[in-house]
Amino acid sequence: MVRLWLSGGWLAILVLAAIFAPWIAPHDPLAQDLFLERLPPVWIDGAEPGYYLGTDSLGRDVLSRMIYGARIALIVAVLAGGAAALIGSTLGLLAGFYGGWTDRIVGRIIDIWMSFPPVLFAILLVAVLGTGLHSVILAIAIIDWTRFARVIRAETMAQSRMDYVASAVVIGRSRLGTLAAEVLPNVLPTLLVLFSLEMGIAVIVEAILSFVNLSISSDDPTWGGMIAEGRTQIHFAPWVLVVPMVALFLTVLSFSQFGEGLKDRIDPVLR
Amino acid sequence: MADPLLQVRDLHLALPDLNAPRLFGPAPQVGILHGLTFDIPRGATLGIVGESGSGKSTLGRCLVRLLEPTGGTILLNGDDITHASPRDLAAHRRDLQMIFQDPMSSLNPRHSVLRLIADPMRLHGIQDADAKARDMLDRVHLGRRFADRYPHQLSGGQRQRVGIARAVGLSPRFILADEIVSGLDVSTQAQIIRLLEELVADMDLTLAFISHDLSVIRRLCREVIVLRAGQIVEAGATSKIFSAPAHPYTAALQSSIALPELDEGWLLS
Ligand SMILES: Nc1ncnc2c1ncn2[C@@H]1O[C@H](COP(=O)(O)OP(=O)(O)OP(=O)(O)O)[C@@H](O)[C@H]1O
Ligand SMILES: [Mg+2]
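Residue numbers (full-length UniProt numbering), protein chains in the order written: chain S, 1 to 271; chain U, 1 to 269.
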């Protein structure tokens with residue numbers, strides 16, 4: 001209960017910040033002012049009013065960059081996580097339910113996919129697809145669908161052996177109808193948890209790609225890019241590093257906690 | 001009255017033997033049912049008895065065509081359904097219902113009681129399925145207030161009433177009940193049996209009742225077939241068979257004497 005509200009609260013703040021970024025960001029996230037470089041956050045001496053989280057080495061407002069960075073983090077989380085979930089769980093459901101050659105083909109593809117080291121795979125993909133938000137999203141979906149496919153396939157297989165699937169045949173449900181109306185609702189809680197984890201993973205992967213300068217253009221504010229930049233300033237302006245790291249941590253944690261909490265809340269079997 | 005609802009002729013079933021050692025090719029088959037022949041007349045209450053592993057459930061699953069026989073024929077109302085495709089079976093599904101042994105596994109845990117009873121009706125185009133499902137809740141003496149519950153919120157006996165309502169709600173011609181009281185305590189068993197008796201009488205159902213509890217069979221079933229290692233060793237009126245068993249196996253079952261191990265010949269023949 002508490003975790004649902006806490007994690008949901010943080011995610012709600014992020015969503016609002018992302019949507020209303022132009023209105024709530026106190027400054028232009030790209031505006032540089034060399035007279036205002038490395039200003040500390042308001043709770044440290046020497047802060048300048050209006051720069052709540054301080055500024056970076058180019059004098060850009062950290063809070064404004066965080067707010068615009070939330071946009072990119074959330075877009076990546078939802079689109080990359082959603083695409084990976086859609087591809088992975090569709091294949092996992094079909095393989096687990098129909099078995100036979102469907103299962104053999106999907107299983108083989110998963111094995112091949114998983115033999116690539118994921119970070120290398122991501123860097124390679126982005127190098128091929130070119131940098132930019134859409135290739136980051138595509139790369140994450142292309143790599144991470146196997147997480148869904150593996151788990152959902154195993155879960156679907158276990159569910160398909162239950163008598164309620166035999167009972168669905170007896171009452172005259174079609175095969176596909178049985179998969180959709182009987183098996184899917186029982187796989188959904190697992191899917192929800194996986195999806196919430198994947199959204200957190202997507203945010204981290206985007207940050208890693210930004211960190212190695214393979215995400216979107218380095219001027220655009222992303223949390224990973226800010227962490228990369230903050231690293232070079234750690235002795236003069238630690239807040240430039242700490243603020244995006246804390247936000248990243250809270251966001252990844254909130255996604256997983258929110259997913260777990262929501263599952264407990266909406267699953268009739270757990271109520 | 002004379003023409004039977006189900007005619008079973010020389011029914012064979014073999015399944016792939018997953019335990020057999022093999023390197024290549026398909027798994028060898030292991031025979032489970034070996035040429036069963038019997039009729040189930042309309043309105044019959046047929047008991048199927050036999051020791052554990054004798055093939056009762058397998059036979060039942062062939063009758064409702066959850067399994068496809070590997071030999072022989074099954075006629076429903078004169079229609080050959082032995083190898084009917086899912087498409088062809090669709091027309092017969094409504095008439096071949098089943099109540100499962102374990103309602104915890106056979107009732108979808110994420111469907112409400114109302115949905116569990118109404119969905120079969122909806123699938124068969126029955127109008128006002130929700131209203132009729134609520135009526136069914138009364139018929140099985142559960143009451144309408146259970147409509148919005150989920151299976152895990154019910155007791156074992158209540159769950160099995162939902163299983164019965166789900167099957168009987170379609171007013172099928174034939175119902176197979178496979179060990180439906182074996183998971184329940186004795187007083188609940190008696191209630192469920194009484195309910196089934198009531199519904200069979202009211203709705204003109206034809207019932208096949210699988211059980212290893214002969215006292216239940218004696219009470220519920222007019223005819224009985226005795227199965228041993230996939231073959232029928234005795235069949236006939238319940239009263240006659242239990243008062244004067246012709247086969248020593250039946251007598252042994254009845255006195256629940258430990259049965260001798262089957263020799264290999266039974267399985268291979
Ligand atoms: N899927 C299967 N593959 C191979 N053998 C099977 C399979 N299902 C059942 N059998 C075998 O078929 C035989 C009959 O099983 P069945 O479940 O029909 O027995 P039963 O009479 O219902 O027993 P019980 O009273 O324990 O329920 C058993 O020897 C069993 O091991
Ligand atoms: Mg059985």
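Watch out, some of these pointers could steer you wrong.
As the list claims (entries may be wrong) - Lysine to any residue pairs mimicking SDA-like chemistry, simulated, CA-CA at most 20 Å apart:
{"#": "1", "chain 1": "U", "residue 1": "K240", "chain 2": "U", "residue 2": "L199"}
{"#": "2", "chain 1": "S", "residue 1": "K263", "chain 2": "U", "residue 2": "P109"}
{"#": "3", "chain 1": "S", "residue 1": "K263", "chain 2": "U", "residue 2": "S239"}
Said to hold, decoys possible - One-sided and incomplete, this derived list gives chain S residues near chain U with beta-carbon spacing under 7 Å:
{"#": "4", "residue": "P185"}
{"#": "5", "residue": "N186"}
{"#": "6", "residue": "D264"}
{"#": "7", "residue": "P268"}
{"#": "8", "residue": "V269"}
Please keep in mind that the hints were generated in silico from the structure rather than gathered at the bench. Note that beta-carbon positions come from the ideal geometry of N, C-alpha and C, so glycine has one too.
Taking the hints in turn, this is what the structure says about them:
Between the alpha carbons of U/K240 and U/L199 the distance comes to roughly 25 Å, so the proposed pair goes past 20 Å and is violated. Restraint check for S/K263 and U/P109: satisfied, since their Cα atoms lie roughly 15 Å apart, inside the 20 Å limit. Under the criterion of a C-alpha separation no larger than 20 Å, the hint pairing S/K263 with U/S239 is inconsistent with the structure, at around 55 Å. Given the 7 Å rule on beta carbons, the hint for S/P185 holds: about 4 Å separates it from the nearest Cβ of chain U.
Because the smallest distance between the Cβ of S/N186 and any Cβ of chain U comes to about 6 Å, under 7 Å, the interface hint for this residue holds. Checking S/D264 against chain U: minimum C-beta separation of about 14 Å lies over 7 Å; hint violated. The criterion of a C-beta within 7 Å of any C-beta in chain U is met by S/P268, whose closest approach is roughly 5 Å, and the hint holds. Against a cut-off of 7 Å between C-beta atoms, the interface hint on S/V269 holds, since the closest Cβ of chain U lies about 5 Å away.
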